[in-house]
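Trainee: Going line by line, the protein sequences match chains A and B. Throughout the first sequence, residue numbering follows numbering that gives the first Met the number 0, covering 0 to 169 in sequence. Throughout the second sequence, residue numbering follows numbering that gives the first Met the number 0, covering 0 to 72 in sequence.
Hints are not guaranteed to be accurate.
[To be verified] Short derived list, chain A residues pointing at chain B, Cβ under 10 Å:
1) Glu164
2) Ala166
3) Gly167
4) Phe168
5) Ile169
Just so you know, the hints here were simulated from the structure itself, not pulled from any lab data. Think of the CB as a built atom: it goes at the ideal place given N, C-alpha and C, for glycine as much as any other residue.
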Amino acid sequence: MLSRCVRALCALGALCLIALPTFVWSSPEWIAQTAASQWGLASHALRLGLHNRLLGAAASMLPALVALFVLWQLWWLFGAYGQGRIFTPASVLRLKRVAQGMLCLPLAQPLSVALVGLALTMDNPSGERALILNVQWHDYLALLFGLIMLAIASVMGEAVRVADENAGFI
Amino acid sequence: MPIIVTLDVMLARRKMRSRELAERIGITEANLSLLKSGKVRGVRFDTLQQICEVLQCQPGDLLSYEPGAGDGG
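Same shape as in the complex, but just chain A (with noise of 0.2 Å):
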């Protein structure tokens, strides 16, 4: 049950990642309204030709890849977990993956934001070029989260160790 929930929070993740952001530039309208919220650049003249956008998006799908991998994951581990595969190398591979994807995403986060200012604001005169450093709270819970899955991940790894030995004994 819990396995079929996580999988299907995946799922649902894994179409918003690629939803939302096919959404949202593809509409100027969009692409500055959540450049002002979200991005840091309400005080910036913002270019929307196409180039601009598609170099934005381009930028902006490098914490989408990263989260459609740790979902990738995440989606794989929990099958096999519900398939009572909890204590393989394999399921422990994927919680690693899972936490190195985490932990990719503070950098992958605030590079995004900054090469997608760098994309909206590339052809405004000099000085007027946007480059935004911009690190959230969820930067800091991915790193938070990433470095606990990696030592569960860790944990794990000596319980499947454990394991293997317990099996040995008749």
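Got chain A; can you put chain B on it based on the hints?
Mentor: Just chain B now, kept in the frame of chain A:
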């Protein structure tokens, strides 16, 4: 491993099949087969006790020590 499992000898003496022993001590036939062939890391005292009870024997009747036998395995 210089510890040799002689369970098959004891089973032959008692004229008992592996399947019956497995059923009576509550382990799978596959696990009993692994035990007979010595392809296990160890035997739980609980399992040993049950085998001894069913076969009416001592732990020493099921295991023997042969120095140099299968070293490195």
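Trainee: Can we keep the Ala166(A) interface hint, with Cβ of chain B closer than 10 Å?
Mentor: 9 Å, holds
Trainee: When the nearest CB of chain B is found for Ile169(A), is that gap smaller than 10 Å?
Mentor: Holds - the Cβ of Ile169(A) comes within 10 Å of chain B, reaching about 5 Å at its closest.
Trainee: Given Gly167(A) as an interface hint, is its Cβ closer than 10 Å to any Cβ of chain B?
Mentor: Holds. Min distance 3 Å.
Trainee: So, Phe168(A) near chain B? Judge it on the closest CB pair being under 10 Å.
Mentor: This hint holds: Phe168(A) lies near chain B, its Cβ roughly 5 Å from the closest one there, short of 10 Å.
Trainee: Double-check Glu164(A) for me: the hint is only fine if its C-beta lies closer than 10 Å to a C-beta in chain B.
Mentor: 7 Å, holds
Violation of the numbered hints given earlier is absent; every hint is satisfied by the structure.
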